[in-house]
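Engineer: In order, the protein sequence lines correspond to chains A and B.
Counting from 1, position 25 in the first sequence corresponds to residue 25 in the working numbering; the numbering is continuous, with no gaps.
Counting from 1, position 60 in the second sequence corresponds to residue 60 in the working numbering; the numbering is continuous, with no gaps.
Keep in mind that the hints were calculated from the coordinates and are not lab data.
The reader is advised that the hints may include incorrect statements.
[Unchecked claim] SDA-like, lysine to any residue: derived pairs with alpha carbons at most 20 Å apart:
(1) A:Lys96 - A:Asn131
(2) A:Lys164 - B:Ala29
(3) A:Lys252 - B:Thr89
(4) B:Lys52 - A:Gly125
(5) B:Lys52 - A:Glu161
(6) B:Lys52 - A:Phe255
(7) B:Lys52 - A:Asp162
(8) B:Lys52 - A:Arg156
(9) A:Lys96 - B:Thr89
(10) B:Lys52 - A:His202
(11) A:Lys252 - B:Ala196
(12) B:Lys326 - B:Asp300
(13) B:Lys201 - A:Val261
(14) A:Lys164 - B:Thr53
(15) A:Lys252 - B:Lys201
(16) B:Lys52 - A:Pro149
(17) A:Lys96 - B:Phe242
(18) A:Lys46 - A:Pro86
(19) A:Lys252 - B:Lys52
(20) A:Lys240 - A:Gln170
(21) B:Lys281 - B:Phe242
(22) B:Lys52 - A:Trp39
(23) A:Lys96 - B:Ser92
(24) B:Lys201 - A:Phe255
(25) B:Lys257 - B:Asp302
(26) B:Lys201 - A:Leu264
(27) B:Lys312 - B:Met248
(28) B:Lys4 - B:Ile18
(29) A:Lys140 - A:Phe169
(30) B:Lys52 - A:Arg56
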Amino acid sequence: MRSLSMMLLLFSGAALAEAPQPAMPGMEHAHHAHAMRSWTDLPLLKTKAGGESRERVIVVPQNIVADAVDAYSNKLADENGRRRLPLDMAGAKLDKPASGGFHWLAAREEQGDEVRVASAVYYFGERGAENPTDMFITQKHELEIVPQPYPREHSRYRANEDWKFLVRFQGHPVVGQMVALETQNGTKSVWVSDAQGVVTVHLPDDFNAETDGKEIGGSRGMGMRGSDFVLAARRADGGKTYLTAFNAAYGKNAFDQRSIVMGLGFTLLGMLGAVPLLRQRRKKNDMPEQPEQTEQKEEA
Amino acid sequence: MLKKIFPTLGRFRFTVQIVMLFVTVYGGALLGSYTVDRISQALPSLSCAFDKTTGDHCILIVSQHQLHHRIGEALVKAQEITLKVFVPTLISVATFFAFFFFLNKAFCGWVCPMGTVQELLYRIGRRLGRPLNRFSPDNVERVRPVKWLMLLVLALGLPLMAGMGFAANELGDPYCQVCPSRLATTLLTADTEQIAVRTGKNINFFLGALGNAMFGFVVIAALAARQPFCRICPLLSWNAMFQRLSPMRLVKQQHDKCEKCGVCEKACPMDIHEIGREHGKKAFHEDCTLCGRCAEYCPDDDVIQIKFFGIKLFGSSREYYKQRVKQESPEGMPKNRVIWLKQAK
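Bound-form chain A, shown alone (with noise of 0.2 Å):
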């Protein structure tokens, strides 16, 4: 982890490009999205149920200037494997294909030399969804931030826990690239990728009484608490200035409000429990039988 000025120094051009500028004929609806106050100043692109329906979601960009989301499916060849969802005052809205399954969802500005990406996933549950893999590995941007692997069903992004991106530029990783991290709860620190291009991202345990988090995941959270955090990449190149960002939903660690000593103690009650029938004396009809007896019995 580098220090809080590197970082500082990392994102000074993404402060820069957050100052307000005018809306674009045409995208009064996506500038309101963009004016929202947020905790980051970096890009965001947030999911939210689409009322009581589970076939809905609704996605808001937040601090970047687009007019449509693009929502990439889990099966990549089929008619709704890459949709452009434009953008109206609640956001763009993600219907659920019949195909389910995970879906990377992007929103991209280009401004002069500056193109800034916000990406998220959202994954609607569905039996038999096609492997995702190949929606991950599609190169969709210039500068990506992909999860290696994104959590699956049943799992999720939680504190005090590491997780790998791969960071790519054209589609190559990037060695030594530095990647930023901010969370909703206020940590910010800065990582950096290895030679594969991986970068290893610890979530910070950062829940307080005042961050105590919110519900996350929608079906997928079941009423779990959590927050938000944000994964930026900023590279220069070819003249133009690239700022991409991957945002997720992440809970409280592994071991809150759960006790492992009670725990242990309840496992070792059960086994006191069971110690009789360890120490229960032989009985003679309890002994193996001999094959030989077996076979006298049964000639018999």
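Fit chain B to the given chain A structure using the hints.
Structural biologist: For chain B alone, coordinates are given in the frame of chain A:
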């Protein structure tokens, strides 16, 4: 060649069990995080979804979630009880059945990781010279209804009630909270999270404490009793509902010697006394896990067979029996400390 590697059905089954233990416990880590949890997500074995590296999920977690989140909610809204609501559950059951059709309850006896763990513990118990505690015909009758109670209350009833709002939301997956496979499989991946009891809410705490105590009991009991948890497992009763619909069967013919013999009863890890006394449909009992031990230890030719679509896959034989009892008693007591190495020669 195959006969040298697998000289007995027991050896073959044990090999399958070990392979399936790795698939169900570590399959996700070996074959890719996203790939293998797509195998069925409705496996007729206690393959735990809480295990982060599992290769597949058990049907019970899926059915609990669907009863909780979909059917229960829809029933209470009384407006959308349509195919759209029931289809996911029907698909789960259909997927489960697609697997179950071919192996029937062999999923319990050959695939289930919890069954394998208990069998391994029992083998250790034999090596340690622990006594064998068996259920008498009367006692086993008292235990048998518990598996149905577990299924109806914990795996089906409470999740549905929670979905309808008649029970606390924490009762959405009560069976998973007490399932010993959740603890066994996660501990096998060195994950200690699940053994830590939840302390946030009373219901979670109670279920967690109960689950841990049951897990502890099963671990020790398995050293001195065969398959202690399988007898009350809701998946045993779930699978029993479908066992007559699969072409994989245990078939037993009537034979004069059966009344006096009883070796197959001793070999049965589920203490199914009916296998010695009955024949025909009654011999393929609801508690049968198709482990095949009764067929291995039946000393008469083709009296007990495992058949698929009427084709014999394995049948009892006198010669096989003679060889088998030289290696291991019907109760599972090994006759040689190095059985495996000796057989490989």
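Engineer: A separate judgement is required for each hint: does it hold in the structure or not?
Structural biologist: Verification of the supplied hints:
no.: 1; hint: A:Lys96 - A:Asn131; in the structure: 16 Å, holds
no.: 2; hint: A:Lys164 - B:Ala29; in the structure: 15 Å, holds
no.: 3; hint: A:Lys252 - B:Thr89; in the structure: 31 Å, violated
no.: 4; hint: B:Lys52 - A:Gly125; in the structure: 17 Å, holds
no.: 5; hint: B:Lys52 - A:Glu161; in the structure: 13 Å, holds
no.: 6; hint: B:Lys52 - A:Phe255; in the structure: 15 Å, holds
no.: 7; hint: B:Lys52 - A:Asp162; in the structure: 14 Å, holds
no.: 8; hint: B:Lys52 - A:Arg156; in the structure: 10 Å, holds
no.: 9; hint: A:Lys96 - B:Thr89; in the structure: 18 Å, holds
no.: 10; hint: B:Lys52 - A:His202; in the structure: 18 Å, holds
no.: 11; hint: A:Lys252 - B:Ala196; in the structure: 15 Å, holds
no.: 12; hint: B:Lys326 - B:Asp300; in the structure: 16 Å, holds
no.: 13; hint: B:Lys201 - A:Val261; in the structure: 17 Å, holds
no.: 14; hint: A:Lys164 - B:Thr53; in the structure: 16 Å, holds
no.: 15; hint: A:Lys252 - B:Lys201; in the structure: 16 Å, holds
no.: 16; hint: B:Lys52 - A:Pro149; in the structure: 12 Å, holds
no.: 17; hint: A:Lys96 - B:Phe242; in the structure: 33 Å, violated
no.: 18; hint: A:Lys46 - A:Pro86; in the structure: 15 Å, holds
no.: 19; hint: A:Lys252 - B:Lys52; in the structure: 17 Å, holds
no.: 20; hint: A:Lys240 - A:Gln170; in the structure: 13 Å, holds
no.: 21; hint: B:Lys281 - B:Phe242; in the structure: 14 Å, holds
no.: 22; hint: B:Lys52 - A:Trp39; in the structure: 31 Å, violated
no.: 23; hint: A:Lys96 - B:Ser92; in the structure: 19 Å, holds
no.: 24; hint: B:Lys201 - A:Phe255; in the structure: 14 Å, holds
no.: 25; hint: B:Lys257 - B:Asp302; in the structure: 13 Å, holds
no.: 26; hint: B:Lys201 - A:Leu264; in the structure: 18 Å, holds
no.: 27; hint: B:Lys312 - B:Met248; in the structure: 10 Å, holds
no.: 28; hint: B:Lys4 - B:Ile18; in the structure: 18 Å, holds
no.: 29; hint: A:Lys140 - A:Phe169; in the structure: 10 Å, holds
no.: 30; hint: B:Lys52 - A:Arg56; in the structure: 27 Å, violated
Violation of the numbered hints given earlier is confined to hints 3, 17, 22 and 30; the remaining hints are satisfied by the structure.
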